[in-house]
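Peer 1: Residues per chain are reported as follows:
Number of protein chains: 2
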Amino acid sequence: MAHKTDIEIAREADKRPIQQIGERLGIPSEHLLPYGHDKAKVSQDFIDSVQDRPQGKLILVTAINPTPAGEGKTTTTVGLGDGLNAIGKNAAICIREASLGPNFGMKGGAAGGGYAQIVPMEDMNLHFTGDFHAITSAHNLLSAMIDNHIYWGNEQEIDVRRVVWRRVMDMNDRALRQVVTSLGGVANGFPAENGFDITVASEVMAILCLAKDLKDLERRLGDMIVAYRRDKSPVFARDIKADGAMTVLLKDAMQPNLVQTLENNPAFVHGGPFANIAHGCNSVIATTTALRLADYVVTEAGFGADLGAEKFMDIKCRKAGLSPACVVLVATVRAMKMNGGVAKDDLGTENVAAVKSGCANLGRHIENLKTFGVPVVVAINHFAGDTDAEIAQVQEFVTSQGSEAFVCKHWAQGSAGIEPLATRVAEIADSGRANFAPLYGDDMSLFDKIDTIARRIYRADEILADQKVRDQLREWEAQGYGNLPVCMAKTQYSFTTDPSRRGAPTGHSVPIREVRLSAGAGFVVVICGEIMTMPGLPRRPSAEAIRLNEAGQIEGLF
Amino acid sequence: MAHKTDIEIAREADKRPIQQIGERLGIPSEHLLPYGHDKAKVSQDFIDSVQDRPQGKLILVTAINPTPAGEGKTTTTVGLGDGLNAIGKNAAICIREASLGPNFGMKGGAAGGGYAQIVPMEDMNLHFTGDFHAITSAHNLLSAMIDNHIYWGNEQEIDVRRVVWRRVMDMNDRALRQVVTSLGGVANGFPAENGFDITVASEVMAILCLAKDLKDLERRLGDMIVAYRRDKSPVFARDIKADGAMTVLLKDAMQPNLVQTLENNPAFVHGGPFANIAHGCNSVIATTTALRLADYVVTEAGFGADLGAEKFMDIKCRKAGLSPACVVLVATVRAMKMNGGVAKDDLGTENVAAVKSGCANLGRHIENLKTFGVPVVVAINHFAGDTDAEIAQVQEFVTSQGSEAFVCKHWAQGSAGIEPLATRVAEIADSGRANFAPLYGDDMSLFDKIDTIARRIYRADEILADQKVRDQLREWEAQGYGNLPVCMAKTQYSFTTDPSRRGAPTGHSVPIREVRLSAGAGFVVVICGEIMTMPGLPRRPSAEAIRLNEAGQIEGLF
Chain W
4 MAHKTDIEIA
14 READKRPIQQ
24 IGERLGIPSE
34 HLLPYGHDKA
44 KVSQDFIDSV
54 QDRPQGKLIL
64 VTAINPTPAG
74 EGKTTTTVGL
84 GDGLNAIGKN
94 AAICIREASL
104 GPNFGMKGGA
114 AGGGYAQIVP
124 MEDMNLHFTG
134 DFHAITSAHN
144 LLSAMIDNHI
154 YWGNEQEIDV
164 RRVVWRRVMD
174 MNDRALRQVV
184 TSLGGVANGF
194 PAENGFDITV
204 ASEVMAILCL
214 AKDLKDLERR
224 LGDMIVAYRR
234 DKSPVFARDI
244 KADGAMTVLL
254 KDAMQPNLVQ
264 TLENNPAFVH
274 GGPFANIAHG
284 CNSVIATTTA
294 LRLADYVVTE
304 AGFGADLGAE
314 KFMDIKCRKA
324 GLSPACVVLV
334 ATVRAMKMNG
344 GVAKDDLGTE
354 NVAAVKSGCA
364 NLGRHIENLK
374 TFGVPVVVAI
384 NHFAGDTDAE
394 IAQVQEFVTS
404 QGSEAFVCKH
414 WAQGSAGIEP
424 LATRVAEIAD
434 SGRANFAPLY
444 GDDMSLFDKI
454 DTIARRIYRA
464 DEILADQKVR
474 DQLREWEAQG
484 YGNLPVCMAK
494 TQYSFTTDPS
504 RRGAPTGHSV
514 PIREVRLSAG
524 AGFVVVICGE
534 IMTMPGLPRR
544 PSAEAIRLNE
554 AGQIEGLF
Chain G
4 MAHKTDIEIA
14 READKRPIQQ
24 IGERLGIPSE
34 HLLPYGHDKA
44 KVSQDFIDSV
54 QDRPQGKLIL
64 VTAINPTPAG
74 EGKTTTTVGL
84 GDGLNAIGKN
94 AAICIREASL
104 GPNFGMKGGA
114 AGGGYAQIVP
124 MEDMNLHFTG
134 DFHAITSAHN
144 LLSAMIDNHI
154 YWGNEQEIDV
164 RRVVWRRVMD
174 MNDRALRQVV
184 TSLGGVANGF
194 PAENGFDITV
204 ASEVMAILCL
214 AKDLKDLERR
224 LGDMIVAYRR
234 DKSPVFARDI
244 KADGAMTVLL
254 KDAMQPNLVQ
264 TLENNPAFVH
274 GGPFANIAHG
284 CNSVIATTTA
294 LRLADYVVTE
304 AGFGADLGAE
314 KFMDIKCRKA
324 GLSPACVVLV
334 ATVRAMKMNG
344 GVAKDDLGTE
354 NVAAVKSGCA
364 NLGRHIENLK
374 TFGVPVVVAI
384 NHFAGDTDAE
394 IAQVQEFVTS
404 QGSEAFVCKH
414 WAQGSAGIEP
424 LATRVAEIAD
434 SGRANFAPLY
444 GDDMSLFDKI
454 DTIARRIYRA
464 DEILADQKVR
474 DQLREWEAQG
484 YGNLPVCMAK
494 TQYSFTTDPS
504 RRGAPTGHSV
514 PIREVRLSAG
524 AGFVVVICGE
534 IMTMPGLPRR
544 PSAEAIRLNE
554 AGQIEGLF
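Residue numbers (the numbering used here), protein chains in the order written: chain W, 4 to 561; chain G, 4 to 561.
Mixed in with the good hints there might be a few duds.
A pair holds if it fits inside one copy or across any two, identical chains being indistinguishable in the list.
[Unchecked claim] Think about it this way: if two alpha-carbon atoms lie no more than 27 Å apart in a straight line, the pair counts; the simulated DSSO-like pairs of lysine-lysine are:
| no. | residue 1 | residue 2 |
| --- | --- | --- |
| 1 | 244 | 110 |
| 2 | 471 | 235 |
| 3 | 18 | 92 |
| 4 | 110 | 347 |
Keep in mind that the hints were calculated from the coordinates and are not lab data.
Put together the whole structure using the sequences plus the hints.
Peer 2: See the structure below:
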């Protein structure tokens, strides 16, 4: 029997009108701002009205270091949300929005997979409700206002060589990475080196995802550093008077988007910051709203647990006052094999020894997650080729680590395939066992914060940082930014900064290439290795095959 | 008594749910794709289903050459739509969407004014339903794919010096007018001169507004010329394989937007091409859909009648097979005075002689419009300071031209103030008097088409064009583009190419600076004078004062 593809399954979805999904959460239809019949934004007024309600339990889904075998973190997030609803709980899902640009390079990503998906999939991979376009506009308005400020006399005395605010576009366009602007004479301004990042890399995106409300959004936008003067004092977006207009451009985008799973359960899909130079989680406003409308909220964080979960805990939860009640760590037998040294082409052959050896990566993540004081359960995302002996090996290993592993078949079976995990997660969340604390305190020095993450999460022996980097960190501390958390930008494929080192390496060094201050988002970005903030298109971009077929359906996007 | 501002009036609007507005036109709610509660797109399926219905009467509202005194063309379009409904007719309005970027320079434009407005005004000046963002994405995807094509080996053998496809952004950003891209080394491509236009200047915008349906859209997108080879043969968007993906990005944007007037009458607001390098009318799909749902459709064209109405007739109507039944030419006493030589500061003083002398401009437009075979009625858009003698002068003049003029007080009174005009317009439209024909035939040479417009509409004595321009036109004719209409890009302030020459000048020359081929949109652009396709921000951009107030309302945008 041929399997249906994700898009085939998604197209067969029996979607309910979005008002019905909102009703499940107690959102009156006048407070749902529809975008078509299957998407809606939750009104700011309604969000304001539920601020005093008790919060539900927050469940984080994270994963081992990703391998080409795939782990299915989003699929498990969706499946677990459906599973909790299937066992009679009132649960909602919170995930990130997809970026438009990359879909024209490689095929677009489903939100989940198999029978654990969020729909409408096409819209979510295209313009959706326009949030990213609003972010692009707000970001580029600030860019235009900075250059315009300089053009008309530069009252703020900006050092034109030290404008740090670039432009953005939601497109994979390598030609825009590095450009010279304002050519062509006096009327076009002062020629300057400049460049574009992809929209998800914008600090505006990170801010939208961390802001509590529109007031907080405006304050944070004003706090962004856009340039420096000759005396190196920062020029803020507020000095350019852009914060108000940017907030106006973002007022609709700040309202979380509600969609549904294939099983008609509510899913908030809102915000999508990079998981390297930003924190990689859906918006705080979506998560906190969901927590006031549902008893359980299942969410996820970008990349593996070393990056995603750490930032979720140390940035998002710390800043938003959130306390996760349970962590679900997703692993697959195939990924364990790859961590155990098996090549991708050999994954079809049973290899219990490789699974056993690869479990070291899983074990390290379990241990790390426990340091945050939150109970950890492992979800083994089942693939058809997994053998009983291999699965038993993973389960045995997890038990030996003092945790529990559940085989989950949500991809093939929907909620019915993940009920045992859902039941256990609900029990743990209800038990109140979690005693969350971030990894480090606010008052630790910036360098010590980096050092703590490197030693305790990555298990590195040392940090390599130039004097320049150390001086920069101290300068920011002197300017009052010392209490910020750090946001690590490192390869997601390894605990180390070398993407080829799988498993659970020790004894390595973490070289810091550069540090950047996201003063509005409220974190210091620590760049370890090469980070690409504007992707390019491949030799044969998927866009070449994307088109509408005779039935008006989109072909080639998935 | 202090007058209420447009935004105050708009905020007091008693808006109906958009489904009720759709119902008036017979659009079932499942075929209205809502964007919030007061905006919706009409589904493509519904549009397909009404193609065999008879069409209503099309009424064009155009104006004299604009002066700083203001004519109120959109206000009259909206007022006339309301007026027709008030006298018991089933009428709809079709106007263009506003561009986002310019609102952050100068204050945003209302859609109409006073008691003749379309709402929601804030949304229409911000992201609205995302159409312009979709156009920006589609345009820039093509840009990225061209550079990517060159990067990966340039199979099409594009002459990298002859890439004519720029990028766009819906922002006033002079720094982007002229840039050098792909700096920074091999991985970023080949350095090249490049630049950005504002989104409304994109050929994609013009195409979206002229395409009959999604198939026609895709064909036209494929027909766009993006570059030339060393042998000067054109490279089309189709050669880059971008047409399919661009169509997918535009599929929602192609669906017309439905909103409402203050009097709850239906208004389609869709598309917004430049009125200089493009044809400056709302989309064909909105107009033809409205014509199948309403008995009367009131629409407008950009700038004065010499540019806007001429393009409406010779480009939009010719290409879409539309036949206007009546033209309403908007004039004001104040504008007549300015055309008669009065300075803006002196407009408050009665001056019948200046009105009389200024009527020459009005008379020229009446005469011109009649050459298209369509009956012309003049709407005198009433201002509080107009005196009876001044108004009588305009009416007398219009009568002497064999036409009729109606004093219209829709700005102050809504539909009640424009019923006489509405009644007469309906009579004329119903009379079948119109016998529309475009100004020139398809088979006239491109140069002769330009010459015809210059002599018969602008009343110029001659065209000034370099051999290079004449050769270029002949080359396009040889390539099969000779049957296209021409799209004149000229100042809107005068019949001549000199913006300071008001009234009805004769004996002037029309110098052609440049010609461009919009092969997808299907016209040859003839540039007479300086045309700015990327505006800049002023010294004190309105953005500096735009913000959300405590009540969550937008301040400073209007």
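Peer 1: Determine for every hint whether it applies to the structure shown.
Peer 2: Hints, verified against the model:
Proximity of residue 244 and residue 110 under a CA criterion of 27 Å is satisfied inter-copy only: 16 Å between copies versus 40 Å inside one chain copy. Taking the shortest alpha-carbon separations for residue 471 and residue 235, only the intra-copy value of 15 Å comes in at or below 27 Å, while the best inter-copy value is 53 Å. Within a single copy, residue 18 and residue 92 get their C-alpha atoms as close as 20 Å, which meets the 27 Å cut-off; across copies the closest is 39 Å, which misses it. Within a single copy, residue 110 and residue 347 get their C-alpha atoms as close as 20 Å, which meets the 27 Å cut-off; across copies the closest is 59 Å, which misses it.
Of the numbered hints stated above, none is contradicted by the structure.
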